[in-house]
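Heads up, the sequence shown is in full-length UniProt numbering, so the first residue is 1 and it goes up one at a time.
Among the hints, erroneous ones may be present.
Stated by the list, open to error - Only pairs whose alpha carbons sit at most 20 Å apart, straight line, appear in this in silico SDA-like list of lysine to any residue:
no. : residue 1 : residue 2
1   : 555       : 781
2   : 1010      : 811
3   : 352       : 226
4   : 1160      : 838
As the list claims (entries may be wrong) - Label pairs and their in silico Cβ distance ranges:
no. : residue 1 : residue 2 : range
5   : 370       : 148       : 22 to 28 Å
6   : 817       : 1137      : 46 to 52 Å
7   : 315       : 665       : 37 to 43 Å
8   : 313       : 503       : 34 to 40 Å
9   : 817       : 875       : 22 to 28 Å
10  : 725       : 1081      : 55 to 61 Å
11  : 57        : 537       : 55 to 61 Å
12  : 65        : 310       : 41 to 47 Å
13  : 499       : 947       : 38 to 44 Å
14  : 436       : 202       : 54 to 60 Å
15  : 725       : 890       : 33 to 39 Å
16  : 383       : 555       : 27 to 33 Å
17  : 875       : 1137      : 26 to 32 Å
What the hints contain is simulated information worked out from the structure, not anything from laboratory work.
Note that beta-carbon positions come from the ideal geometry of N, C-alpha and C, so glycine has one too.
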Amino acid sequence: MSSLDPYSDIETIDSSIDTAYISNITSNPLDTSFATLRVGTLNCRGLTKTAAISTRQHFIRYLRTRSLDLLALQETNASSSSIQDQFNLQFQDTSSIWSQHCFSSDISFSNSIVSICGRIISTTISHASDAFEPFSATVVYFPASRSDRIRFLSTILTDFSHVFSSSPSRSIILGDFNYTYSNVSASRNRQAPAQWLQYLNDYFIDGITAPGATPAVEFQRGLSQFCIDYVFLSSYFSSSVQYEHCSTSYVQPAWSDHFLLSCQLRLYPSPDASSTSAVGKGLWRAHPNLARNPLFKKLLYTALSKCLDTLEVSLSAAQKWEQLKLTTAQTAKSFALRQSYTLSRAEDLLHKKHSGLSRKLSAGPSLHPVLDPQLKVVEEQLASLQQYQFETLPLRSGIRWRERGEVSAGFLKRSVASRASKKLIPPLIHPTSLSRCTTKEEMLDAAATYYTGLYSPDPIDPQAISDLLDALPASLRLSDADSDLVMAPITFDDLVEAPDKSSPGQDGLPYQLVRLIIMHPGCREITLATFNNALSFADIPPSWLESCVSLLLKKGALDLLQNWRPIALINTDAKVFARILSARMIATASSLINPYQTGFLRGRFIADNGMLMKLVMEHAKFSHSSSSIGLLLDQEKAYDRVHPTYLRAVLLRFGFPAALVNCFSHLFFDTHMVININGFLSARVAQHRGLKQGDPISPILFNLAFEPLLRRILSDSALSGFALPFPISLTVSTPAATSGVKMLAYADDIVCFQNSPSDFGRLQHHLRVYSAASNALVNFHKIETISLSGSAAIYGSLWRSALLDHNITSWHNARSPSPIRYLGYPLYTSITQRNIFLEQLLETVRQGCLIHKHRGLSVRGRSTVLNSLILSKLWHVLRLVPVPVSFFNSLTSVISSFINFRIFPRISIDTACLPRSQGGLGLIHPQLQQCALQLRWLLPLLCQSTALLLSSPSIVLPRLVGFLLSQHPSSSLLYRSPPQQLDHRFSLLFPCRRPNSLRHTESSWSLLSKAIGRLPKDFSSTVVSASMCLEIPLASVILPSSSPVELGRSLAQLPSSIAYIMSSDRDSCLSPRRSAEFSCHPNLAKKFLKWVKRDDVQLSPFFVRAFIHSSFSSFGHSPFLQVEDHTVVDITPFVEPLSICSSSGSGQRRPASSTKAYRKLCCPQAVTKPPLPIPYNPDIQAA
């Protein structure tokens, strides 16, 4: 069944003991003109009835090693959908059909039929790309009793005429027949009806035993040996069956007493079928594990030494390096050929030996004494090989995830998604003729034509380049020290420390083999000369100028090449060179790139864009009259259209050395590539513009090329941007905190803020200049616009004409059904839009749990999957999106169902979220994790003063603080100090001092406030000044756990200064106000003092210390350091007890926390029960 639910046809079938199963597992590589199909059948004697689950897992693991495309199983006992789900996951099949009786991603099932009795399954087998003509496959499991079998087969041709056609053409019948086939109808004790035998004899041939050969034994129980399993092929396949590759494979008795039958067919596409389905061999790649093989290393070093002796002196270092790589590739290929005698081939030879001995025993029973010992030895060897294969199979994934406690989520993810990347590229639309390709040659030509046009530069305007670059500040240049850094010689350590995980390019050499060349003593000098000559003189090795492009689908129609992303596979040594330069460029170029560009730069964070966007939309919503919009620009193939002349001019303008610029020009724009279309390589395509996606240095080069446009927008005084509020009473301010936000960028994803159509006209002008200078192309029809305030009225009254004039039709406001997304974050202007997005997010979690539900994981394995694979999809969004409690309740329900699937007693979520050291599973609590993710901003907000944050280079922190303080009144009769001039941390640490406008759940500060609220606070040892105490709300100066009375909302928000005052005659210590000293809310103040006097409320220790004269601070049970100046208002003593900041030796505060440390700090401790008493033993006497 292709996309049909494999369980939909079996819900009405009664359960029974025996089962039959048909599944497609894994496809073999297809040749250019035919497809090789391997079909197998086996009676597995009850997969669910094995004595141990591990035996079943080993058996299935072994079957997966047999490289079958179609596998028919009988007697699986898969009578329930849950067992079928589990088998599907273990077999990793892509389609399956089950009955109660009874592997390739490109093979699908259709027209499937399951008999009511469950003994017959029939389906039509087809290829996703028509690599062969569809045919029918029928799996049978006939009754074992002769009388039942005769009765069943007597009517099979009439009862199942839709399955067993009167004149079958393309048909296969396979399975357990439970009798020895004989076409001698005169036999008195025949095992099947004559009409059935005649049907097989007229229309089918044996697909395992060649004509004239003796059938091999396929069933063995004790001393009994029979041939009762068959694969029958209709006459259509007589020329397709390859008997030399058909086999009867012995299976160890612990698994089954039947043998595995496998038949290999060579199938051709129909005459009218498109050959676009053909799949080529692709690129050769050496196995990286060769580098661990001592024999190969010795052989390679010998070959490299011989190559070094024969190198001509006149060759350049780059040419010598190419010879060394060529020698390495040839050595790897020859070594792999010699090692091709694998265990699988050894097992095949043993199977043939076993079949030969079995035939001799059948022909001559007198040979039993001689041949039985030999047969036993062969069976023992086969069982040993099968045991070895299933035991070592987990090692092929590189991880023993099960044996190590299922802590490897990577293995689980790969096992589920391994076939997602094997999709064939369908017939493409040719860019010239606009017709659909019908042959692979046309597809290759379409790809070559499209990318030839894409990578061919269009004329550019030199004046536009000058206009862009002249607008850059004169100081925006690379320093001499940075220039020296990027051109510093590449050292041996640079090469050795390069990352070792990378896909090889056209030379097929992974980094592990390239490293062997580098480590060879005789090659070191050549290696360093090659890399340094490439850097200093642009002497690039020829293989670095060749790449293979692999196409990955983005979104949209599959037959349009523009909807595929070209990823360049460059050679590993070239990638090492690019990574070295990329690290140097990123370290030096950060000062050249404006802070609003957060893509691919060290220290910058994508969520800063999301937070600032959220802050802008929040203020726009407060300002009901706001008519501002956000424009999400879309560029056509942004990376692929960068003009070489423009990039060169930009790099030289930024002060990069000419030698480095020459290196980049040669490395990127003197190159050729081939396009990989379903394993076939197109003609070479010259790349004369564009940055290769997949090259490590492309992102930083694009950022530099994009920077002149961003700087032009930022420096345009006619564009005011979106202004966030900032308190004018502050004496400290910076342009970063007070200037309007004009745009945000993450690589080529840019959003521009526009206040009026005139702003849009200015933006149009800048885009035109940038396009004329760089070959960039803006897709105006794909631009999305959003009303920042959510207002729908501003579209018709202000923006409609200006947008439609440029073919911009996408408009979002509060009435839109769903939000748009920016960098993965939802930009919603109504609760309905948010809820729709959250429901989609929750469905993603449900689907993730469903995928892994039937994997047979332990509870620890399930928690690993949740933390690393399923819930990890939430963290990016939950960092910024405040969600209601109902969402977390639904999420907790889904998680609990997954954790407790088939487990009793149930494990509560609270227990599962405890650390494993406390008896939990270490599951990440979603609500706690959302708070922990706020540390990115919370740590600097807590550990730095307002003055420091307002001068911070961050694009978010100064505006967050300014936005917070602007919501406070500029003056207050209640507080002694103006609220706007107090440190912002007052609002963070004392909830009652937060502005009312920021207390709603959708506020940008809501998640930060929640994260602070979860932190444990112990101010019992804190010592603060009296002035500081007077600024604290009454709700925060009492011990809430000891108060039998409630302050009430009005009293709780009042400052302690309404009831207390600094005493001038007591060294500025605190004292209660007298009757004549009450100024504001006298009745409330007197009530509070009365409660304190009666011990109805107890004051916090830090507040009590402010009443004690400094001369008495060292007395009593709790001595404390005296306060030097009680008139100073300092919030920092309250930060240290939060345990997320530490002091450095210089006295400055630095963050000392992480999300993991935060969760540990805030996670509730497990309830420890007292130990049980020692049992009484009367035999033990007291000493």
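Hint check results:
For the proposed pair residue 555 and residue 781, the alpha carbon gap of about 16 Å is at most 20 Å, so the pair holds. At roughly 33 Å between alpha-carbon atoms, residue 1010 and residue 811 are farther apart than 20 Å, so this suggested pair is violated. The suggested pairing of residue 352 with residue 226 holds, with an alpha-carbon distance near 17 Å, which does not exceed 20 Å. A hinted pair counts as satisfied when its Cα atoms are at most 20 Å apart, and residue 1160 with residue 838 does not qualify at roughly 27 Å.
The supplied range of 22 to 28 Å is broken by residue 370 and residue 148, whose beta-carbon atoms lie about 39 Å from each other. Remark: the range hint 46 to 52 Å for residue 817 to residue 1137 is upheld by a beta-carbon distance near 48 Å. A C-beta distance of roughly 24 Å is found between residue 315 and residue 665, which places it outside the suggested range of 37 to 43 Å. For residue 313 paired with residue 503, a C-beta distance near 35 Å keeps the hint of 34 to 40 Å intact.
As the Cβ distance of residue 817 to residue 875 is approximately 26 Å, the hint placing it in 22 to 28 Å holds. Judged by the Cβ atoms, the range 55 to 61 Å given for residue 725 and residue 1081 is violated: they are separated by roughly 29 Å. For residue 57 and residue 537, the hinted distance range of 55 to 61 Å is satisfied, since their beta carbons lie about 58 Å from each other. The beta-carbon spacing between residue 65 and residue 310, approximately 43 Å, falls within the hinted interval of 41 to 47 Å.
Roughly 41 Å separates the CB atoms of residue 499 and residue 947, a value that falls within the hinted 38 to 44 Å. For residue 436 paired with residue 202, a C-beta distance near 42 Å fails the hint of 54 to 60 Å. Distance hint for residue 725 and residue 890: a CB-CB separation of about 36 Å, consistent with the stated range 33 to 39 Å. Separation of residue 383 from residue 555 is about 51 Å and departs from the stated range, judged on CB atoms against 27 to 33 Å.
At about 28 Å, the CB distance of residue 875 to residue 1137 agrees with the hint of 26 to 32 Å.
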